[in-house]
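Model the full structure from these sequences, guided by the hints.
Number of protein chains: 2
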Amino acid sequence: MERHDMGTRRIPDTTIRRLPAYLRALTLAGHDRVTSEVLGQLAGYTPEQVRKDLAYFGAFGTRGVGYDALSLTKEIRHILQLDLGVRAVVIGAGRLGTALVRHTDESSRDVAIAAVVDINPAVIGRQLDHLTVEPLDRLEELVRERDIGMGIIAVPPQGAQAVLDRLVNVGVRAILSFAPKALVVTDPTVFVQQIDLTLEMQALSYFVGTSQRSGSS
Amino acid sequence: MERHDMGTRRIPDTTIRRLPAYLRALTLAGHDRVTSEVLGQLAGYTPEQVRKDLAYFGAFGTRGVGYDALSLTKEIRHILQLDLGVRAVVIGAGRLGTALVRHTDESSRDVAIAAVVDINPAVIGRQLDHLTVEPLDRLEELVRERDIGMGIIAVPPQGAQAVLDRLVNVGVRAILSFAPKALVVTDPTVFVQQIDLTLEMQALSYFVGTSQRSGSS
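Each protein sequence line maps, in turn, to chains A and B. Quick note, the first sequence lines up with residues 1 to 217 if you use UniProt numbering. Quick note, the second sequence lines up with residues 1 to 217 if you use UniProt numbering.
These are computed hints drawn from the structure, not numbers from a lab. Please note: incorrect hints may appear among the correct ones.
[Stated by the list, open to error] Facing chain A, according to a computed beta carbon distance under 8 Å, are these residues of chain B, among others:
#  : residue
1  : Leu23
2  : Thr27
3  : Ala43
4  : Gly44
5  : Gln81
6  : Val86
7  : Val111
8  : Phe191
9  : Leu197
10 : Gln202
[Unchecked claim] Computed list of chain A residues with no C-beta within reach of chain B, every gap over 12 Å:
#  : residue
11 : Gly58
12 : Ala99
13 : Val101
14 : Val111
15 : Val123
16 : His130
17 : Pro135
18 : Asp165
19 : Pro180
20 : Ala203
Idealized CB from N, CA, C, for every residue including glycine.
Quick look at the structure:
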């Protein structure tokens, strides 16, 4: 099958990152035909942005009529390769890792958590929904055995880079990291998305009004 | 005190969002003087980006010597208003909300979770670290009583917009939402950062190699 990120990589990453929101908007719209205005409103982007993004893969709405919802949904799912499904491993079965496993199981049909590992003997062997927490040592083995294509890092900062390197070495190309640390990847075929909750909150602090401050420091 | 986002708003939001990473990099560097190369490497940005961002607030490194780490740290903390501290309310004491409360308590000295609310009677009254889960009805009251300046939304999609509107109405200007739904804010003085884990994973699916697919659908 055609891989849109291979060779030419015509679709910009920024567009790719908006496609899931359009997918959700299509479901919410619930109509056979949907305009860029409605899609934009439901996805949180401007109609112009929607039209520009969708044009990248040849989806053109008809003026005043809009896009065919069913074929657009199929096309986006195909581009994101959601139609193929993906198995993920969660590294770190602490509070965040546990919440992520359960959250993903509940909210995503396309990404299946297929393994969860931890380094802490007190946590290894514990049951987490349908999974047993496995030792970190088994990471490479589990990735190979269970055809895992995505890694979700939820370990403390000091262990994150080593985990990332191991995932890359065993062939995982899509990685989501919640570790509060900037991770380095030199392999251009690997995509790492970092979500650092502490940094997000610190940045948000800028937007808090001066009237609502704890004044504790 | 000077508010950098009032009136002129000279510093772009994109720069603001990188400042916390520089702050962490300064701590990691652990030297009196630090170059843009070192800061960039530790923060995950190019030295050019670092220099451009820091120039916005008049911080200029000396060629070959770098920035004064202590004064730069103080300046960034001042711009982000971290020196004033901020109190946050978490709305939704489910799996994600609970993990967020504990994660923030452990990892952030600058943002204090001052209240957690939920709509579910089975959860209200439960102890979460140093906090008792309060009823959602008390949201406005708690924001006022406890000088809360930040809202963290961790509720199911159908309730998220109503919670956001209530936060905005009671004066909260900085909001972080984990609800899997695009939220609408018309007030330009409100900043909403949305982290949608399901969308992040769907976008990541694009980067998974074809060799590692579950083939389950």
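Problem set entry | Distal placement of His130(A) relative to chain B, Cβ over 12 Å | His130(A) is indeed farther than 12 Å from all Cβ atoms of chain B, at 14 Å.
For this session: Decide, holds or violated, for the assertion that all CB atoms of chain B are farther than 12 Å from the CB of Val101(A).
Result: violated (9 Å)
Exercise. Since Pro135(A) was said not to touch the interface, does its Cβ keep a gap of more than 12 Å from each Cβ of chain B?
Worked result: holds (22 Å)
Exercise. Is the hint on Gly44(B) kept, meaning its closest Cβ partner in chain A is under 8 Å away?
Worked result: This interface hint holds because 3 Å falls under the 8 Å limit.
Problem set entry | Asp165(A) remote from chain B - nearest C-beta pair above 12 Å | holds (16 Å)
Problem set entry | Val111(A) and chain B, when compared Cβ to Cβ, separated by more than 12 Å | Per Cβ check, Val111(A) is inside 12 Å of chain B; nearest 5 Å; violated.
Problem set entry | Satisfaction of the Thr27(B) interface hint, Cβ to chain A closer than 8 Å | violated (11 Å)
Problem set entry | Non-interface claim for Ala203(A), where every Cβ of chain B lies beyond 12 Å | violated (5 Å)
Exercise. Can the hint on Gln81(B) be confirmed by a CB-to-CB distance to chain A that is less than 8 Å?
Worked result: holds (5 Å)
Exercise. Would the least Cβ to Cβ distance between Pro180(A) and chain B come out above 12 Å?
Worked result: violated (6 Å)
Problem set entry | Restraint check, 8 Å cut-off on beta carbons, for Val111(B) near chain A | holds (5 Å)
Problem set entry | Status of the hint placing Gln202(B) at chain A (closest C-beta pair under 8 Å) | holds (4 Å)
Consistency note: the structure conflicts with the earlier hints numbered 2, 12, 13, 14, 19 and 20.
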